[in-house]
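S.K.: Under the UniProt record's numbering, think of the first position of the sequence shown as 1, with each following residue one higher.
Read the hints as simulated data drawn from the structure, not as lab findings. Note that the structure is predicted; figures quoted are calculated from it, not measured. For glycine and all other residues, C-beta sits at the position ideal for the given N, C-alpha and C. Wrong hints could be hidden among the right ones.
[What the hints assert, rightly or not] With beta-carbon atoms standing in for the labels, derived distance ranges: (1) 206 x 308: 35 to 41 Å; (2) 174 x 253: 19 to 25 Å; (3) 295 x 194: 28 to 34 Å; (4) 311 x 87: 22 to 28 Å; (5) 295 x 9: 40 to 46 Å; (6) 112 x 313: 32 to 38 Å.
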Amino acid sequence: MVTLNEIAQRAGVAKSTVSRFLNNGPVSEKTRIKIQEIIDETGYVPNQFAQSLKAQRSNMIGVVLPRFDSPSTNQVLKGIDELAYEKGYQLVLTNSNLDSQREKENIALLERQKVSGIIWIASFFDDAMMEQVKNLQVPILIIGQKIEGVPCLVHQDYEAGVQIAEHALALGHRDLLYVGVTQDDNAVGVLRRDGFIETASQARARVTVIETDFSRKVAYEQALNYLPELRASYIAAATDQIAIGIANAAQELGLSIPADFSLSGFGGYSETEYAYPRITTVDYPFYEMGQRSLELLEELIRETPIPMVHTMANKLHVKRSTQNMKAKE
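Sequences and hints are given; from them, build the entire structure.
M.R.: If you want it as structure tokens, here you go:
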């Protein structure tokens with residue numbers, strides 16, 4: 001592999017001159033042409049990570065992930081990656097594994113590496129995180145959560161909860177169970193739940209709430225305990241992964257969906273297409289959100305003013321896991 005030193009030696013210039021050329025610094029036209037010819041001949045590929053430590057701007061974009069085992073995160077990342085490749089950016093990925101301290105450290109690390117911008121796929125945040133983000137010296141765009149005074153790209157989570165509740169009510173269900181997640185995650189844990197509960201309560205439906213986490217396994221294990229005593233005719237799960245866990249538990253217990261109860265999720269994950277029955281869900285445009293996030297970050301890098309909050313619409317997809325109450329009679 002050709003090194004920076006070898007390029008400098010062949011060009012008859014100092015290593016610092018080659019470094020300035022690679023970072024678009026001041027180099028004479030004659031020297032610039034000579035270095036470029038040698039790079040073309042040797043196929044030399046600059047170390048973008050090392051360059052970013054020295055340059056004020058780089059072609060590197062930092063991405064802070066909440067966890068790797070999330071279908072929605074993976075789709076967002078796919079959208080970011082494909083557009084980043086087209087535009088000539090390289091991604092630096094960090095994973096917090098839902099640990100707030102790691103999340104803070106990852107954001108600080110990316111800032112030290114002088115990435116051009118940061119996309120933070122946020123699941124939760126605290127006051128210390130908000131203060132850190134607002135004091136960053138590098139553009140940042142937050143996906144999935146709203147932080148006042150920071151550019152954000154979010155889903156219509158409250159509206160999605162409303163859609164699912166209206167669907168259940170239109171089918172005649174009046175005894176509902178909502179299986180949610182911790183309120184630390186405002187979008188999934190609060191907004192979806194509130195949209196569902198407030199809409200159902202306005203129609204004087206009975207709503208019970210059970211808290212789980214994002215794990216399909218945990219949702220499955222909990223459902224084994226509460227499904228045998230289930231009173232509700234409709235279960236709304238806060239994510240498709242949770243819904244699939246509930247469906248697996250129902251199958252093990254010999255319960256039939258939707259004959260014994262209707263079931264829906266949120267997300268539009270591809271796994272719901274292969275569950276039996278196929279699960280009613282609100283389809284979120286995760287891939288498109290990834291691409292849109294990179295477009296917005298580019299605007300921030302160029303210092304172009306943009307609105308602080310951008311919203312991605314979603315769509316209800318009714319499938320075989322929900323049915324009209326009359327069909328049960």
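S.K.: Would you list, in rising numerical order, the hints stated earlier that this structure does not obey?
M.R.: none
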